[in-house]
Amino acid sequence: MLKRGVIGAAVLFLVGAAAYASFYIAPEERTMGAIQRIFYFHAASAWAGMTAFLVCFLANLTYVLRRNQKSDWLGVSAAEVGLAFTTVVLITGPIWAHPVWGIWWTWDARLTSTFVLWLLYVSYLLLRNMLEEPDRRALLSALFGIFAFLDVPLVFGAIRWWRTQHPQPVIMGSPGSGLEPTMSKVFFFSVLAMHALMVLLLSERYRLEKMRGDFQELQREAEAR
Amino acid sequence: MKNLDSIFAAYLFGWAVFFVFYLTVAKRASALRGDLDRLKDTLNRGK
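If you read the sequences in order, they're chains A and B.
Take 0 as the starting number for the first sequence in numbering that gives the first Met the number 0 and just add one per residue.
Take 0 as the starting number for the second sequence in numbering that gives the first Met the number 0 and just add one per residue.
Everything hinted at is true.
Stretches of chain A that chain B covers, calculated by requiring three or more beta carbons in the stretch to come under 8 Å of a beta carbon on chain B:
no.	segment
1	194–205
2	214–221
Cross-link-like lysine-lysine pairs, in silico, DSS-like; alpha carbons within 25 Å at most:
no.	chain 1	residue 1	chain 2	residue 2
3	A	LYS2	B	LYS26
4	B	LYS1	A	LYS184
5	A	LYS2	A	LYS69
Because the hints were derived from the structure by calculation, they are not lab data.
Note that the structure is predicted; figures quoted are calculated from it, not measured.
Quick reminder that beta carbons are idealized off the backbone N, C-alpha and C, glycines included.
Using the sequences and the accompanying hints, generate a full structural model.
Here it is as structure tokens:
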């Protein structure tokens with residue numbers, strides 16, 4: 000309990016430091032001004048969300064191959080955490096876009112594929128709620144999770160393959176693109192902080208799923224008596 | 000600082016999502032812990 004509290008405090012300190020760095024250390028962007036500072040929160044959340052979906056995909060794949068209950072628990076936990084991060088992306092994006100573009104939303108390839116990703120993982124969780132039998136629920140949701148992950152490379156590639164309203168990539172983009180060195184350091188520090196938060200939330204959510212597994216096992220034991 | 004209200008809104012709503020998510024996990028865990036303890040008691044009494 001104490002160890003979890005210390006880890007939680009360390010993660011909170013890290014995300015607080017990242018927020019401080021994005022406001023007070025990163026220089027102001029020339030054309031957009033202060034509103035660009037949302038980028039450090041928005042893009043770092045997007046990267047952490049994608050990592051959570053990658054964890055979900057690997058857990059789903061492992062479940063299909065090995066039928067390991069722990070993989071099922073990890074899959075649903077990572078899907079929920081990834082969904083929370085993607086929700087943050089879908090909220091902070093339009094808040095940034097409105098003063099910069101003059102519109103809240105447009106159906107370009109990046110925004111649409113991100114919204115579809117969000118819908119896919121909402122469907123993944125709804126599917127799990129609809130299925131009662133544990134083995135069937137785990138298998139069908141793992142298969143659906145593998146399918147849902149196909150949208151992640153599409154989200155990544157959307158601003159590289161097509162012309163979009165969304166800004167072109169500044170990380171892993173075309174030659175000549177990139178961030179000013181201090182901005183780059185602050186961005187990668189924010190990515191680290193959001194990943195730490197993602198791991199913390201994932202471990203908490205996994206504990207809940209493990210507890211649910213223990214409960215169902217005891218329930219079966221009670222019914223068998 | 001221009002657009003401060005938008006920056007504030009982005010951080011506020013963003014952190015609210017993480018906070019609410021954490022709260023729902025903690026609430027579900029607390030309810031399940033109660034159910035688990037009750038079931039364990041029932042099973043122990045039945046032995």
